[in-house]
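Let the sequences and hints guide you as you build the complete structure.
Protein chains in written order, with this note's numbering: chain A, 1 to 373; chain B, 1001 to 1309; chain C, 2001 to 2281.
Simulated from the structure, these hints should not be mistaken for laboratory data. Even for Gly, the Cβ is constructed at its ideal location relative to N, Cα and C. All clues stand as given, with none of them false.
One-sided excerpt, in silico: chain A residues whose CB lies under 10 Å from chain B:
no.	residue
1	Tyr93
2	His98
3	Leu109
Covered stretches of chain C (chain B as the covering partner; in silico rule of three or more C-beta atoms under 8 Å from a C-beta of chain B):
no.	region
4	2011-2024
5	2033-2046
6	2115-2126
7	2145-2157
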Amino acid sequence: MRIETPPSATASVELRGVHKRFGAQHVIRGVDLQIEAGEFCVFVGPSGCGKSTLLRLLAGLEDASAGQLLIGGRDVTGLPPKERGVAMVFQSYALYPHMTVYRNIAFGLETGRRQRAETDRRVREVAQLLELTPLLDRLPKELSGGQRQRVAIARAIVREPQVFLFDEPLSNLDATLRVQTRIEIARLHRRIGATMVYVTHDQVEAMTLADKIVVLNGGKVEQVGAPLQLYHQPRNQFVAGFIGAQRMNFIPCRVLAAGAAGVAVELPGQESLTVPVDAAGITTGQPLTLGVRPEHMRGDGGDASLTGLVEAVEELGEGHLLYLRSADGTLVSGHFSGASGCREGDLTRFAFYEDACHLFDGDGVALPRLARG
Amino acid sequence: MSGSARTLARTRVRSAWLFLAPTLLVLAAVAGWPLLRTVWFSFTDADLADISSDRFIGLANYLEHDQGEWYGVLADPQWWGAAWRTIWFAGVSVSLETVLGMVVALALNVRFRLRGLLRAAILVPWAIPTVVSAKMWGWMLNDQFGVINHLLMGLHLIDQPVAWTASPTLAMWAVVMVDVWKATPFMALLILAALQMLPTDCYEAGRVDGIHPVRMFFRVTLPLMAPALGVAVLFRTLDALRVFDLIYVLTSNSNSSMSMAVYARQQLVDFQEVGYGSAASTLLFLVIVMLTLSALALTRWRADGEGRA
Amino acid sequence: MKARITAARLLGRIGFMLLMLAIIGFALFPFYYALVSSFRSGGELFQPALWPEHFDLRNYAQIFTQQAFGRSLLNSLAVAAAVVGASLVLSVGAAYALGRVRFRGRGALLLTVLGVSMFPQVAVLSGLFELIRALGLYDTLPGLMLANMLLTLPFTVWVLTTFMRELPKELEEAAFVDGASPLRMIWRVFLPLLWPAMVPTGLLAFIVAWNEFLFAFTFALSPDVRTVPVAIALLGGGSAQELPWGPIMAASVVVTLPVIALVLLFQRKLVAGLMAGAVKG
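Structure (structure tokens):
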């Protein structure tokens, strides 16, 4: 396919010490980031974390208050968008309502009469890539949400930028369409191979699309890494709680002993468990937080367990969610397959293995896992 | 169940008409009836002194051929002069007001330090009585004592004082200038309203794509504003065709600067020719109706053709 | 690279500011000049000047004592207030009917109301003259008030109707369920919500009535029923030939100052009202 971008035409992205202030509000507080050429990088985080602002700084729609932005090794800080070699797909598609699909895609390209044939060729090529060819003469208002999104993407592709920027492109679509378009975007990335920076608040999109995820919180980067890396080795409680279809359980516990094998903690209900983490700096009696994902709960077996009364049962069809109120009052959730045999008020037991556990200190920082011997 | 729903709806409709009644009554008294009377008078030879004694004379006020001479409003060169002049005035001043209004609206759309001052400054000319505008400008344009002639002579742009409001060639330009001064704020605010309804994300997309702002203006802003702009232009044009106050006060009883409304009133009140003056008034009314209808027809034709870009 | 951008931007910004200052100057200069001229009198006015020789209030005294300008101001105020008040009262009910009730002929009525606002005033002049004379209201303020309704009523009905349409249906339905009559509904539910719309509408209608000239000039010519625009237009002076420009400018200033105050105070509301009318139109 002629659209394939040769590696030299796509660029790496680097942010160095980037800050952004809106008046008194310090929205981006010192972000350092490196994105390889051809990588699909997702900025994810709760509302207000600054992910959209960061993307707009990359696009050139906002000026950074401090720091440097580099695209393809070139310092683009302070440059207007058109000189940065970026293209952007907006959440609201930002299509020109009075222009046909063809004109919308072509609008950014038209520079002169002699180039009209060239423009036409490129527009039709991109339209074919995104299956828009039968829609070229339609107006945006005659298109469905998913089709409009594809036009927005086509408009970005046709400019052959070095970096693609996506600002929550799927938020305005309904659930089924979202999944469909998500797959199309992934396929597009494989086809074109360009660097893509993608912003979303949906961690599912992040996990499924990204080569690299950047978790942002309050204008700061919490963790950067591959999706599975963030899932298995969250660096702090925030990332642990954010990544994962169901939110991780956080159970308060107390240190019984700290040694070479790990840290032994006392759970509510007096059971104890040794978690294989680095015990440096941990003292006996210190309060810590134990993290276990609902999907890692078991009905029996395990290295330790929690007992309590069932507070609620939610049948999902393929599985069920059980909510257990432990001895000290903590609500713990477990995700099990099949139908539940329990009812509200039943006494039940959640078991879990030490390998599935995470320990977080008083500041929410995860204790590093010990390397397997 | 449905029976009571129907009576419910019926009582609502009845009360609606009750609420409308006083308004409709006043409008009928102040607008409907007088208009009909005016049209009726145009077919009679009534005069102001004794308005009730009138004889039906058909289209004589409009056009009549009598002993080889044409009489009637449509045969009066003064009427045609007033008509063309009014149309010229409407065309020129509305065009200027649209362009200038666009500039002001674009400026007001951006946040800049003097924005509040600009907005307040342009509102004042619009809010004061036209008579006052005419007098103030008349004073500035006064041929002997006016400050404008004084300045122009001081800058050596003219060597003799110019009779702005009295000269048959220049008077209408003076009228245009004062009208632009007065009515641009109105156009600017209408255009501003249209500007603020435009989708903002298109402009960000344009910025990222590196499209030149001038190109964005002509290819995106103007086409998207076209319907609202059309309405504003239509309203202003209808206003301009009815112009009376400004011309009457600024250029007083000069026959070379009359508008259609001035002509009609002159016939009605100064010459006491109610029949004749009513004919002129009716013709002016017809001009306005025709313009409105053709504008409506134009928009409907465009809507059918989908107005693609 | 950066220096070049800022230089061009700076130049553009300066040019922009100059343009804005030019527009503001063009808009406000006539007032300034009228103010200056109002403080000068007699022979001083033969020579244009941008600053008065001394602050002489002679012209102001003259218009109030010799020309009864104060009376004209009161007349204008009375007419405008009455007309606006009546228009608003009538419009609320009409707006409810046109905006919230579906009935046959509603669209046509709305178009008629809009059409009336486009009438040229001369087209109804002879008919109105006959009517006013027949009612015995010629050369009186009530007669003028009646005539001015033509200008304000369609406008207030149109604007209030469009506002009425936007109001949420739930309030009306809740009052309906509570068994409120339409009158009660208007008084208790719609009127409080409509207040923010009525202020700019009333203001705009006031300005229209205050500035009206043709009807006032035709139907209320006597010195004691004259309104301000007529009074200024007919300001005569001592000599037959020369127009008394000093007193005319003084009168203009007297009329303009409250308008400027109004505009400054209600700037936002006025703009909002004008723009809302535009949008709905």
